[in-house]
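Undergrad: Given the sequences, and given the hints that come with them, work out the whole structure.
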Amino acid sequence: EYLKKMVGDSHAINPKLAFVPCLYFKQMKPALVEKYRPYVDGILFPYRHEMGKSNLSEWDTLEKEVAAFRQNFGPSVPVIVDVYATRHSQLGDSTPAYVRQVMTISHGCADGVLIYCHQYEDKSPKKYHVIKTLFNQWAGEKKAR
Numbered sequence: 001e002y003l004k005k006m007v008g009d010s011h012a013i014n015p016k017l018a019f020v021p022c023l024y025f026k027q028m029k030p031a032l033v034e035k036y037r038p039y040v041d042g043i044l045f046p047y048r049h050e051m052g053k054s055n056l057s058e059w060d061t062l063e064k065e066v067a068a069f070r071q072n073f074g075p076s077v078p079v080i081v082d083v084y085a086t087r088h089s090q091l092g093d094s095t096p097a098y099v100r101q102v103m104t105i106s107h108g109c110a111d112g113v114l115i116y117c118h119q120y121e122d123k124s125p126k127k128y129h130v131i132k133t134l135f136n137q138w139a140g141e142k143k144a145r
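Mapping to this note's numbering: the sequence shown position 47 is 47, numbers consecutive.
Treat the hints with care, as some may be off.
[What the hints assert, rightly or not] Each computed DSSO-like pair below joins lysine-lysine, with the alpha-carbon atoms no more than 27 Å apart:
{"no.": "1", "residue 1": "Lys5", "residue 2": "Lys16"}
{"no.": "2", "residue 1": "Lys5", "residue 2": "Lys53"}
{"no.": "3", "residue 1": "Lys132", "residue 2": "Lys143"}
[As the list claims (entries may be wrong)] Label pairs and their calculated CB-CB ranges:
{"no.": "4", "residue 1": "Ala144", "residue 2": "Gly74", "range": "24 to 32 Å"}
{"no.": "5", "residue 1": "Thr104", "residue 2": "Lys53", "range": "16 to 24 Å"}
{"no.": "6", "residue 1": "Ala31", "residue 2": "Glu121", "range": "18 to 26 Å"}
{"no.": "7", "residue 1": "Gly74", "residue 2": "Leu114", "range": "31 to 39 Å"}
{"no.": "8", "residue 1": "Pro125", "residue 2": "Lys64", "range": "18 to 26 Å"}
{"no.": "9", "residue 1": "Tyr24", "residue 2": "Gly74", "range": "17 to 25 Å"}
The hints are simulated quantities; they were obtained by calculation from the structure and are not laboratory data.
Given the structure is predicted, the values throughout are model-derived calculations rather than measurements.
Think of the CB as a built atom: it goes at the ideal place given N, C-alpha and C, for glycine as much as any other residue.
TA: And the structure:
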């Protein structure tokens with residue numbers, strides 16, 4: 001009831017204000033989906049390969065996991081993939097190749113790509129350049145349209 005009121009009141013003030021909760025794949029249980037689907041304007045989805053063994057080194061389940069969010073929340077609910085570029089407390093660190101692959105696949109199957117967390121050129125130059133290169137490439141593609 002609280003969430004229903006909060007989302008309703010915020011949409012009344014500004015219809016462009018979106019409720020975009022962070023949902024992990026394993027949290028997407030039927031009861032949660034049924035209860036909260038009417039109030040969700042989008043989903044921030046941190047990808048961790050949860051259809052298989054959780055890790056930050058494989059990306060083969062990414063498209064299927066995004067498709068499952070679309071199936072459960074509907075095709076009009078945007079899915080934004082959150083890419084772990086920073087070390088995870090339990091899953092360790094990702095590689096520049098992993099970041100590139102997850103970003104690239106997400107760009108093709110999701111509605112947006114977010115990087116967790118910002119990478120600095122002096123501290124993580126390889127990941128920094130992967131992220132910068134892809135976002136610049138995508139910005140150029142958008143301008144060309």
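Undergrad: Checking against the hints above, which ones are violated?
TA: Hint check: 2, 6, 7, 8 fail, others pass.
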